[in-house]
Every structure is written in C-alpha cells, then in structure tokens.
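Each chain is listed here by its residues.
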Amino acid sequence: MYWQKEQECLSRPELAKLQLARLRTTLKRVATNVPFYRNRFQELHLDPEKLTSLEMLGDYPFTLKQDLRDNYPYGLFAVPLRDVVRVHSSSGTTGVATVVGYSRGDIETWSDLVARVLCGAGVTSDDVIQIAFGYGLFTGGFGLHYGAERLGASVIPISAGNTKRQIQIMQDFKSTALVCTPSYALKMADVMMDMGINPNGLSLRYGLFGAEPWSEAMRREINERLGIRATDNYGLSEVMGPGVAGECEECQGLHINEDHFYVEVLNPDTLEPVLPGEVGELVLTTLTKEAFPVIRYRTRDLTRLIPEPCPCGRTLVRMSRVLGRTDDMLIIKGVNVFPTQIEAVLFAIEGTEPHYRLIVDRENNEDRLTVQVEVIESMLFDEMKKQRALVETIKKRLASELGIGVEVKLVEERSLERFNGKGARVIDNRRL
Amino acid sequence: MLVEQIAVFLENKSGRLAEITAVLAENDINIRALSVADTADFGILRLIVDKVERAKTVLKEHGFTVGKTSVIAVEVADRTGGLAHVLKCIKEAEINVEYMYAFVNKTGENAVLIFRFEKMEEAIEALRREGFTILSKEQIYAL
Numbered sequence: 010m011y012w013q014k015e016q017e018c019l020s021r022p023e024l025a026k027l028q029l030a031r032l033r034t035t036l037k038r039v040a041t042n043v044p045f046y047r048n049r050f051q052e053l054h055l056d057p058e059k060l061t062s063l064e065m066l067g068d069y070p071f072t073l074k075q076d077l078r079d080n081y082p083y084g085l086f087a088v089p090l091r092d093v094v095r096v097h098s099s100s101g102t103t104g105v106a107t108v109v110g111y112s113r114g115d116i117e118t119w120s121d122l123v124a125r126v127l128c129g130a131g132v133t134s135d136d137v138i139q140i141a142f143g144y145g146l147f148t149g150g151f152g153l154h155y156g157a158e159r160l161g162a163s164v165i166p167i168s169a170g171n172t173k174r175q176i177q178i179m180q181d182f183k184s185t186a187l188v189c190t191p192s193y194a195l196k197m198a199d200v201m202m203d204m205g206i207n208p209n210g211l212s213l214r215y216g217l218f219g220a221e222p223w224s225e226a227m228r229r230e231i232n233e234r235l236g237i238r239a240t241d242n243y244g245l246s247e248v249m250g251p252g253v254a255g256e257c258e259e260c261q262g263l264h265i266n267e268d269h270f271y272v273e274v275l276n277p278d279t280l281e282p283v284l285p286g287e288v289g290e291l292v293l294t295t296l297t298k299e300a301f302p303v304i305r306y307r308t309r310d311l312t313r314l315i316p317e318p319c320p321c322g323r324t325l326v327r328m329s330r331v332l333g334r335t336d337d338m339l340i341i342k343g344v345n346v347f348p349t350q351i352e353a354v355l356f357a358i359e360g361t362e363p364h365y366r367l368i369v370d371r372e373n374n375e376d377r378l379t380v381q382v383e384v385i386e387s388m389l390f391d392e393m394k395k396q397r398a399l400v401e402t403i404k405k406r407l408a409s410e411l412g413i414g415v416e417v418k419l420v421e422e423r424s425l426e427r428f429n430g431k432g433a434r435v436i437d438n439r440r441l
Numbered sequence: 038m039l040v041e042q043i044a045v046f047l048e049n050k051s052g053r054l055a056e057i058t059a060v061l062a063e064n065d066i067n068i069r070a071l072s073v074a075d076t077a078d079f080g081i082l083r084l085i086v087d088k089v090e091r092a093k094t095v096l097k098e099h100g101f102t103v104g105k106t107s108v109i110a111v112e113v114a115d116r117t118g119g120l121a122h123v124l125k126c127i128k129e130a131e132i133n134v135e136y137m138y139a140f141v142n143k144t145g146e147n148a149v150l151i152f153r154f155e156k157m158e159e160a161i162e163a164l165r166r167e168g169f170t171i172l173s174k175e176q177i178y179a180l
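Heads up: the sequence lines are chains A and B, in that order. Taken in order, the first sequence gives residues 10 to 441; the numbers are from this note's numbering. Taken in order, the second sequence gives residues 38 to 180; the numbers are from this note's numbering.
Isolated chain A (complex conformation) (with noise of 0.2 Å):
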C-alpha cells in the first residue's frame, strides 16, 4: 500500500535529478532569506546557482542545534511571520528551546508524509486512530493527527497520560491503530492486566511507535502482548516532525521520504561520509520546507543505511533504526537529559562537586534516573538531618531542571570510575 505511489516508488535516477533541482532551489532561498545561511555561505564563496552535483552539497556547512538556539526563536525562519500558520517548539530541557514554523505548504507536505507512513504500516481509512502523543509544541500528537486526518482514517486525538482511560476508550471507540512511544505501549499492556482486559478482545492491529529509542526485543514483546503488528517511525522537530522516516509493513527498516529529505550518513569524528550500510551520524537537508529549511542538520542520531531494494516496492532508501546518540543525551520517559545539565546543578549547590553518575533503569517499562553523587568534605555533615537535607535539595533542583523525578544517591568519595570520555558517566541499563 502506497499513500503517493508514484514518489514513493520514483526511478533512482529520477529522484536524483528532482533531489538535485530541490536542492538548489532550497539552497537560493536560504541564501536570500535567512542572514545566518546567507553569511555562511558567502563566508565559504559558495554559490547556490554553481550546484552541479548532489554530492557538491558536502562543501556547505553543518546546521547544529545551537545554532537553532542562537537564532532563537525566528532566526532561520525563511518566510516572513504572516505566512507561517503553525509554531512547534522542541522541549527546551536544556535552557533554550528551538522554535520551528510551519507554512500553509509545509503543514500540507507534512500531512501527506505522515500519511505516507501510516499507509506504510498498514493503516488505511477505515482505521480508527488512537493517537496517545502529546498535543501541544511537540511535533508527535498534531504531526500524527494531519497525517492520519490526511489518510482519511478515523482519529481520536486522546494526546498522552492517564493509562486507564486510554484502554478504555481504546475498548470503546473500537481503536485500531495507536499511536505513541513503545515504552508506553508496554505500560498500557500492563495496566490492561491490572485491569483484567484481555488485548486480544480488543480490536486493536496496528501500532505506529517513535519518539525514543527502542529495540527489535521490544517489538516482539509488543507484538506478543498486544497482539498487533508494530512498526517504528522517525523524525525531529528540527527538520519536520514525524514523517521523516518509516518502516513499511517488511518491518526491515525505516523509508526516509527522500524526495523531502537529502540524507547523508557521516563518521562523526571525520565528518566524511562512511562507506553504503556503515553505521555513522544521519545528516539531513530539507529539500521542500519553506518556512523552515534547514541545510545539512547533524541529528546526532546514529543509523546505517540499507541500500538493497525493499520488496515492498518502494525505491526510497530504508535507514536502520536509530541506533544511538553521537553525544551522550538520554531520553527518560520522552524527555531529554543531557549529563551537563546535571552537573551544572551540582555545581550551583553549595558545597558540592559534580563527581557523579548516571544510572538507568527500566522498571515495569518506566523509566528511572538514579543520580549518584560523591561525598566531599564540604558535602559531609555530622547531622543526619542536614545530610538529608543535601539530598532533598540536590533532588528537588534536578527534577525542577529536568522536568522528570530522579533518585540521588550519596556514595563514597573516588568510589566512582573517573573517565575520560563522557560516556562512563552513564550506565544505561535500560534492555532496548
């Protein structure tokens, strides 16, 4: 099932050569509208109008989150405000949020993409769709719903939270499709059992999944409990949204709408791309986005690309699922957390220093941060009450910055493994 057969199953050449004209269109209209694009550009004597050749892309510079933050929050905007209709905003956990618009065309192109991955997974019009995403600035409930109104199918925009009554109205409303993250849809399995509803009674088939990490365990366990068929979709705000990417009913990795989206997968420590299938960083160029284009944006998400054809007829590249960050950002229970928000809470306490660690679990499919932290002389009081009073303080300003509950636990002074690379600060026990 194809939503836009005919771009979906374009000839390799024939994609190429629209690629190439969207590129340089998208390239012109970034250098004439946005100074940040424009200054960089001129800064290398790149011309837009001398791109012969996808590959000459590589001369352009990267687009990295900071520079989303630093042009906080209309900066790259590449229309004027009046022609942008939709704002989405991606969660500022770190202190800047990033800001992205959305024009009458872009949410139209939107709508149709995610269709395009509905269609994929299965869905069709006479679905009825449970969309258990958050609504609001986040991309993932409002890009689903386009997509599924687009579709045709029958939605029911219930957004995320309170478990009971998702399963209920899943019950009643005879859903047949859900959408949201697979840790949740593990919980709602489990809450089912609580509640003594059987999933097989239910008319449930299909589950379309994104939004965090997970794994092929994952899937089978889902497809097991809930008996449906699930597949894993990708995007990010700062290139669209969901409808990037997603799996066909193969279930062997995810389409990237190539036709919207350049895809390049690059080491990253030598920025050159890695050789067909290596597992590298995906970078991405919008090729159609016209309030928003963003010009070889790094994801930090790690993939590989697979290029053997699809049996499902598409021609459009599949990519594996993500496979890790390139930085060390964690996503718990959907929110992001990066290790130097941590420590610069620690260091704005008084008295403490930032020799910690990161421990995550996932305990009845919830996610738990367990926060470890050295005792230094300056931390260690002879009163049990202020020792306790550290903690709750260290707990309280953590949660308030990361906007999730964490556990803090005080260990010995040096009983943590030093390091050099960020990375063993974190112990993600997590089985994805």
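Rather than coming from a laboratory, the hints here were simulated on the basis of the structure. Treat the numbers as computed from the prediction; the structure is a model and nothing was measured. All C-beta atoms in this analysis are idealised placements derived from N, C-alpha and C, irrespective of residue type, glycine included. Do not take every clue at face value.
To be verified - Which stretches of chain B does chain A cover? Using the computed rule of at least three CB atoms under 8 Å from a CB of chain A, they are:
(1) 76-82
(2) 101-108
Said to hold, decoys possible - Derived Cβ-Cβ restraints for the label pairs, each shown as a range:
(3) K128(B) with K394(A): 14 to 22 Å
(4) A357(A) with A77(B): 21 to 29 Å
(5) G145(A) with V134(B): 46 to 54 Å
(6) G52(B) with I436(A): 22 to 30 Å
(7) G100(B) with S224(A): 34 to 42 Å
(8) N438(A) with D115(B): 47 to 55 Å
(9) A398(A) with G52(B): 24 to 32 Å
(10) N232(A) with A77(B): 34 to 42 Å
(11) A77(B) with E281(A): 49 to 57 Å
(12) S409(A) with V134(B): 27 to 35 Å
(13) T379(A) with K128(B): 51 to 59 Å
(14) Q176(B) with I436(A): 48 to 56 Å
(15) E63(B) with I436(A): 33 to 41 Å
Starting from the known structure of chain A, fit chain B onto it as the hints suggest.
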C-alpha cells in the same frame, strides 16, 4: 570546653566499618566513643579518638570522606536519673539536642555524655550554671 569529633561518610556496604577500625588500629589511634547514624543508603560514623588530626589524615589517605565538628562532653555519676537531669537543664534553657551518645568510663563510676546542641555556647553556660562537669579535650583523650 569543646571536644573534637570526627565524622566519616559510609556507604551501606559490608566491611566499611571494619576497614575504618583497622586503619585506626594500625596507626595506634584509640577510639574513645562512637555512634552511627544511618539511612537505607548511607551512614555517618561519629568518632571521639585520642589523636584527632592523625585519625583524620590516615582515614583520608584511605579514601574516606572525613569531617570535623565540635561536641560537648558532660560527665555525670553513673546512676539513675543522670541523663534525665542533664536533659531537664537543657530543656529549661530551650536548647535543642541535635544528637547525643554516651559511654561509661573505665572506672565505671561516671558516664560521659557526648552532645551536639543547636546552640553550643548557650548550652555550655546552662550546664555550667547547674554545676555539671564539662570535660576538656585533654580529659576526654586521656580517659
């Protein structure tokens, strides 16, 4: 009139207390009194020793986090009502006790009470007024 006490942070894992006492023994440091305050995750060991600076140094060398605080040592006759009498005096002076522990000295005649008060100076005054014996550093270390 204040006595120095050292505090050591302990994670709740086996053998930590044994390790501390071994380190002190190896360095010929005598423990006069000790108490442990604990939670599920960690504990704070409080020690009165005969060589405070030496104890602090060697424990630090062995990787322990060590702090130093002042406490008050009060000597009372080892008989019924000894502690009650002291606490009554403190209560009347409206002073809170943060923590306390006690031991009986070698002769067995007197008990030594170690106190950490919310208001140390005021407590000393109140105890003096009531005629309690407050032990000096030297007296405690020599016990």
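Do the hints match the structure? See the list:
With 4 residues bearing a CB less than 8 Å from a CB of chain A, the stretch 76-82 of chain B meets the requirement of three and the coverage assertion stands. Only residues whose C-beta sits within less than 8 Å of a C-beta in chain A count toward coverage, and the stretch 101-108 of chain B has 5 of them, enough to reach three; the restraint holds. A C-beta distance of roughly 19 Å is found between K128(B) and K394(A), which places it inside the suggested range of 14 to 22 Å. Here the CB-CB span from A357(A) to A77(B) is close to 27 Å, well matched to the stated 21 to 29 Å.
Our hint of 46 to 54 Å for G145(A) and V134(B) holds, since their Cβ atoms are close to 52 Å apart. Between G52(B) and I436(A) the C-beta distance comes to about 23 Å, which sits within the given range of 22 to 30 Å. Between G100(B) and S224(A) the beta carbons are some 39 Å apart, a value that agrees with the proposed interval 34 to 42 Å. For the pair N438(A) and D115(B), the supplied restraint of 47 to 55 Å holds, since their beta-carbon distance comes to about 53 Å.
The beta-carbon spacing between A398(A) and G52(B), approximately 28 Å, falls within the hinted interval of 24 to 32 Å. For N232(A) and A77(B), the hinted distance range of 34 to 42 Å is satisfied, since their beta carbons lie about 39 Å from each other. The hinted range of 49 to 57 Å is satisfied by A77(B) and E281(A), whose Cβ atoms lie roughly 51 Å apart. Against the hinted window of 27 to 35 Å, the Cβ-Cβ separation of S409(A) and V134(B) comes to about 34 Å, which satisfies the hint.
Hint check: T379(A) to K128(B), Cβ distance near 41 Å, so the stated range 51 to 59 Å is violated. A hinted range of 48 to 56 Å for the beta carbons of Q176(B) and I436(A) is consistent with their spacing of about 50 Å. Evaluation of the 33 to 41 Å hint for E63(B) and I436(A) yields a pass: the beta carbon distance comes to about 35 Å.
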